[in-house]
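On the provided structure of chain A, position chain B as indicated by the hints.
Protein chains: 2
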Amino acid sequence: MEALKEAIRRYGRHLGNGIIKVDAFLNHQIDPALIAACGQELARRFRHLEPTKVLTAEISGIGPALMTAYALGVPLVFARKHKPLTMGDDVFFATAPSHTKGGDVTLLVAADYLRPGDRVLIVDDFLATGATILALARLAQAAGARVVGIGAVIEKRFEGGRDRLRSLNVPIESLAVVTGVEGDRILLE
Amino acid sequence: MEALKEAIRRYGRHLGNGIIKVDAFLNHQIDPALIAACGQELARRFRHLEPTKVLTAEISGIGPALMTAYALGVPLVFARKHKPLTMGDDVFFATAPSHTKGGDVTLLVAADYLRPGDRVLIVDDFLATGATILALARLAQAAGARVVGIGAVIEKRFEGGRDRLRSLNVPIESLAVVTGVEGDRILLE
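Just so you know, the sequences run in chain order A and B.
Under UniProt numbering, think of the first position of the first sequence as 1, with each following residue one higher.
Under UniProt numbering, think of the first position of the second sequence as 1, with each following residue one higher.
Isolated chain A, as found in the complex (with noise of 0.2 angstroms):
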């Protein structure tokens, strides 16, 4: 993903505190021939493990988990952070600390949308600390489905989510790697 790389050493800039702005291209502003091919790489990366749908997290998980189930020809299910009027009473939630907004999140998913037998492919905009992921995994689970992969466009590898994620036990892969920040700057792998 070397046009990913390119777009984050152009447009991204770090903010402090580890926050990294990429709303040129990915959460305010999105390129969408570059969210596609993200979304294409990570369906080719995850194909062998036969999801039956994506799961993100609104909002801006939305754009490449989207692209993701295109490129594999499953639903996209997009956990809400409100409960809007058109929801019905069978839910499942689970809180996550914000990284960005402080305090808690609640995510919450219609029963509907996600059964047992499910094999999730879990998809997000940023892998940092992995308290998003983690809480889309616990929903996944108390559908009674199966977390089969775990797919993000940019991971902060220096908030140490993977390793927080290990004890899920499933395949993770992120299109680009920050390693750090210096400054304004943001290195990659």
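Keep in mind the hints are simulated off the structure, nothing from the lab.
In this text, all values refer to a predicted model and were calculated from it rather than measured experimentally.
The beta carbon of each residue, even a glycine, is placed where N, CA and C say it ideally should be.
Don't take each hint at face value.
To be verified - Here are the simulated distance ranges between beta carbons:
| # | chain 1 | residue 1 | chain 2 | residue 2 | range |
| --- | --- | --- | --- | --- | --- |
| 1 | A | R164 | B | A33 | 18 to 24 angstroms |
| 2 | B | T52 | A | A111 | 38 to 44 angstroms |
| 3 | A | T179 | B | F93 | 33 to 39 angstroms |
| 4 | A | H82 | B | A33 | 25 to 31 angstroms |
| 5 | A | S167 | B | G73 | 39 to 45 angstroms |
| 6 | A | G88 | B | G144 | 14 to 20 angstroms |
| 7 | A | G160 | B | T179 | 53 to 59 angstroms |
| 8 | B | P97 | A | E6 | 37 to 43 angstroms |
| 9 | B | T95 | A | L85 | 31 to 37 angstroms |
Coordinates of chain B only, in the frame set by chain A:
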């Protein structure tokens, strides 16, 4: 878009007060192939207006707007409802009353991503009262950009949004039109 109408007939439900539940394929679980087809169709209808950017509002607009932008080969910008830490201070904002949540919603776009000279195609999942789309149009206008068209996946014609948007004087396209509701049934044009 017969496939879209078929999905609405099969999975859509009226929950009362004109609120339509389509979370099986559009705004909680997403059917990527169907939503990609919607994006391709919107792109086909608006390509001649040479949009340089697609603009939508988080959250449920992101899927169809991303697929439209992908088909057009232009960037997508999704207006945020909360200011993330990664957003600077040079921001356009507009408010709209929320139909499904009550109260007002503020939409924000970083000034970097809407520029004078941009030809903006607004895409959303629903065209209902038109309030969200009108707020998106005001964001584009605040940036000095020009709105060239409005596309929606589902239009709830009985809520009058199309009339409300007439003053923008741009083409409005929707892929399925709900003319009314009857009990829990959804009546399609």
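Cross-check of the supplied hints:
Roughly 34 angstroms separates the CB atoms of R164(A) and A33(B), a value that falls outside the hinted 18 to 24 angstroms. With their beta carbons about 42 angstroms apart, T52(B) and A111(A) fall inside the hinted range of 38 to 44 angstroms. With their beta carbons about 36 angstroms apart, T179(A) and F93(B) fall inside the hinted range of 33 to 39 angstroms. Range check, H82(A) to A33(B): about 28 angstroms between beta-carbon atoms, so the 25 to 31 angstroms window is met.
Take S167(A) and G73(B): their Cβ atoms lie about 42 angstroms apart, and the range 39 to 45 angstroms holds. Distance hint check: the CB atoms of G88(A) and G144(B) are about 44 angstroms apart, inconsistent with the given range 14 to 20 angstroms. The given range of 53 to 59 angstroms is respected by G160(A) and T179(B), whose C-beta atoms sit roughly 54 angstroms from each other. Evaluation of the 37 to 43 angstroms hint for P97(B) and E6(A) yields a pass: the beta carbon distance comes to about 42 angstroms.
The hinted window of 31 to 37 angstroms between T95(B) and L85(A) is violated, with their beta carbons roughly 20 angstroms apart.
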